[in-house]
Amino acid sequence: RSSSVSVSNTQLFGAVTPATIKQLRDATGAGMMDCKKALQENDGDQDAAAEFLRKKGLAKADKKASRVAAEGRIAVADKDGKAVMVEVNCETDFVGKDSSFLGF
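With the UniProt record's numbering as the guide, the letters of the sequence shown map in order to residues 1 to 104.
Simulated from the structure, these hints should not be mistaken for laboratory data.
Remember, predicted model here, so these are calculated numbers, not experimental data.
Ideal Cβ positions, reconstructed from N, Cα and C, are used throughout, including at glycine.
A hint or two may mislead.
[Stated by the list, open to error] With a Cα cut of at most 30 Å, we get these calculated DSS-like pairs of lysine-lysine:
no.: 1; residue 1: LYS56; residue 2: LYS79
no.: 2; residue 1: LYS60; residue 2: LYS22
no.: 3; residue 1: LYS36; residue 2: LYS56
no.: 4; residue 1: LYS36; residue 2: LYS55
no.: 5; residue 1: LYS36; residue 2: LYS22
no.: 6; residue 1: LYS36; residue 2: LYS64
no.: 7; residue 1: LYS97; residue 2: LYS63
no.: 8; residue 1: LYS97; residue 2: LYS55
no.: 9; residue 1: LYS82; residue 2: LYS22
no.: 10; residue 1: LYS79; residue 2: LYS36
no.: 11; residue 1: LYS97; residue 2: LYS64
no.: 12; residue 1: LYS82; residue 2: LYS64
no.: 13; residue 1: LYS37; residue 2: LYS79
no.: 14; residue 1: LYS97; residue 2: LYS82
no.: 15; residue 1: LYS22; residue 2: LYS37
no.: 16; residue 1: LYS36; residue 2: LYS60
no.: 17; residue 1: LYS79; residue 2: LYS63
no.: 18; residue 1: LYS56; residue 2: LYS37
no.: 19; residue 1: LYS56; residue 2: LYS22
no.: 20; residue 1: LYS97; residue 2: LYS36
no.: 21; residue 1: LYS64; residue 2: LYS22
no.: 22; residue 1: LYS37; residue 2: LYS60
[Unchecked claim] Here are the simulated distance ranges between beta carbons:
no.: 23; residue 1: LEU102; residue 2: LYS63; range: 49 to 55 Å
no.: 24; residue 1: GLU51; residue 2: VAL95; range: 28 to 34 Å
no.: 25; residue 1: CYS90; residue 2: ALA48; range: 58 to 64 Å
no.: 26; residue 1: GLY44; residue 2: ASP93; range: 41 to 47 Å
no.: 27; residue 1: ASP78; residue 2: LYS22; range: 49 to 55 Å
no.: 28; residue 1: ASP80; residue 2: GLY57; range: 41 to 47 Å
no.: 29; residue 1: ASP98; residue 2: GLY57; range: 23 to 29 Å
no.: 30; residue 1: LYS55; residue 2: ALA15; range: 40 to 46 Å
no.: 31; residue 1: ALA83; residue 2: ASP62; range: 32 to 38 Å
no.: 32; residue 1: PRO18; residue 2: SER66; range: 34 to 40 Å
no.: 33; residue 1: ALA83; residue 2: PRO18; range: 53 to 59 Å
no.: 34; residue 1: ALA83; residue 2: ASP47; range: 47 to 53 Å
no.: 35; residue 1: PRO18; residue 2: SER100; range: 31 to 37 Å
Kindly generate the complete structure, drawing on both the sequences and the hints.
This is the structure we're talking about:
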């Protein structure tokens, strides 16, 4: 035997539906899973979820700020007796050797 049961998105996800996740993503630019977690943590409240993501983003920024960007390049250019030196840093040697980075 086979039977089918109709289940709505609200029943599957509670207050968090794919539409509410998309709406939060569009508003904040955050990733899908981050938006889903933020909505779940805040019972589907879009404003509270956006604030949650903002605070989480600040925490991530603080964590990344303490990292050392030890790789990179230094470029020097001179023209008409004037010179400019630019240092661009990155965290990994993989990025430092990438053609996009080197072309910058």
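Against the structure, the hints come out as follows:
1. A C-alpha spacing of about 46 Å is found between LYS56 and LYS79, which places the hinted pair above 30 Å, so the restraint is violated.
2. Distance hint between LYS60 and LYS22 is fulfilled; the C-alpha atoms sit about 22 Å from each other, no more than 30 Å.
3. About 14 Å separates the Cα atoms of LYS36 and LYS56, which keeps this hinted pair within 30 Å; it holds.
4. Proximity of LYS36 to LYS55 is assessed by CA-CA distance (about 15 Å); at most 30 Å being required, the pair is judged to hold.
5. As the CA atoms of LYS36 and LYS22 are separated by approximately 9 Å, the hinted pair is consistent with the 30 Å bound.
6. Taking the CA atoms of LYS36 and LYS64, the gap is near 23 Å; set against the 30 Å cutoff, the hint holds.
7. Simply put, LYS97 and LYS63 have alpha-carbon atoms about 24 Å apart, close enough for the 30 Å limit, and the pair holds.
8. For the given pair, LYS97 sits about 33 Å from LYS55 by alpha-carbon distance, which is inconsistent with the 30 Å threshold.
9. At most 30 Å may separate the alpha-carbon atoms for a hinted pair to count; LYS82 and LYS22 exceed this at roughly 51 Å.
10. Of the pairs offered as hints, the one joining LYS79 and LYS36 is violated, with about 53 Å between alpha carbons and a cut-off of 30 Å exceeded.
11. Between LYS97 and LYS64 the alpha-carbon distance is near 21 Å, which keeps this suggested pair within the 30 Å criterion.
12. At most 30 Å may separate the alpha-carbon atoms for a hinted pair to count; LYS82 and LYS64 exceed this at roughly 35 Å.
13. Of the supplied pair hints, the one linking LYS37 and LYS79 is violated, its CA atoms being roughly 54 Å apart against a limit of 30 Å.
14. For the proposed pair LYS97 and LYS82, the alpha carbon gap of about 28 Å is at most 30 Å, so the pair holds.
15. Using a Cα cut-off of 30 Å, the hinted pair LYS22 and LYS37 holds, with the two alpha carbons roughly 13 Å apart.
16. Restraint check for LYS36 and LYS60: the C-alpha separation of about 18 Å stays at or below 30 Å, so the hint holds.
17. A distance of roughly 40 Å separates the Cα atoms of LYS79 and LYS63; the hinted pair therefore is violated under the 30 Å criterion.
18. For the suggested pair LYS56 and LYS37, the alpha carbons sit about 11 Å apart, so the restraint of at most 30 Å is met.
19. With a CA separation close to 19 Å, the supplied pair LYS56 and LYS22 stays within the 30 Å bound.
20. Between LYS97 and LYS36 the alpha-carbon distance is near 36 Å, which puts this suggested pair outside the 30 Å criterion.
21. As the CA atoms of LYS64 and LYS22 are separated by approximately 27 Å, the hinted pair is consistent with the 30 Å bound.
22. Proposed proximity of LYS37 and LYS60 is supported: the alpha carbons are some 16 Å apart, at most 30 Å.
23. Range check, LEU102 to LYS63: Cβ separation about 28 Å, and the 49 to 55 Å hint is violated.
24. A beta carbon spacing of about 32 Å between GLU51 and VAL95 agrees with the range 28 to 34 Å that was offered as a hint.
25. The given range of 58 to 64 Å is broken by CYS90 and ALA48, whose C-beta atoms sit roughly 35 Å from each other.
26. Evaluation of the 41 to 47 Å hint for GLY44 and ASP93 yields a pass: the beta carbon distance comes to about 44 Å.
27. The beta-carbon spacing between ASP78 and LYS22, approximately 52 Å, falls within the hinted interval of 49 to 55 Å.
28. Here the CB-CB span from ASP80 to GLY57 is close to 44 Å, well matched to the stated 41 to 47 Å.
29. Checked against the hint of 23 to 29 Å, the C-beta distance between ASP98 and GLY57 comes to roughly 25 Å, which is consistent with it.
30. Against the hinted window of 40 to 46 Å, the Cβ-Cβ separation of LYS55 and ALA15 comes to about 20 Å, which falls outside the hint.
31. At about 36 Å, the CB distance of ALA83 to ASP62 agrees with the hint of 32 to 38 Å.
32. In this structure the hint that PRO18 and SER66 lie 34 to 40 Å apart at CB holds, the actual value being about 36 Å.
33. A hinted range of 53 to 59 Å holds for the C-beta pair ALA83 and PRO18, which are about 55 Å apart.
34. In this structure the supplied range 47 to 53 Å holds for ALA83 paired with ASP47, their Cβ-Cβ distance being about 51 Å.
35. Here the CB-CB span from PRO18 to SER100 is close to 34 Å, well matched to the stated 31 to 37 Å.
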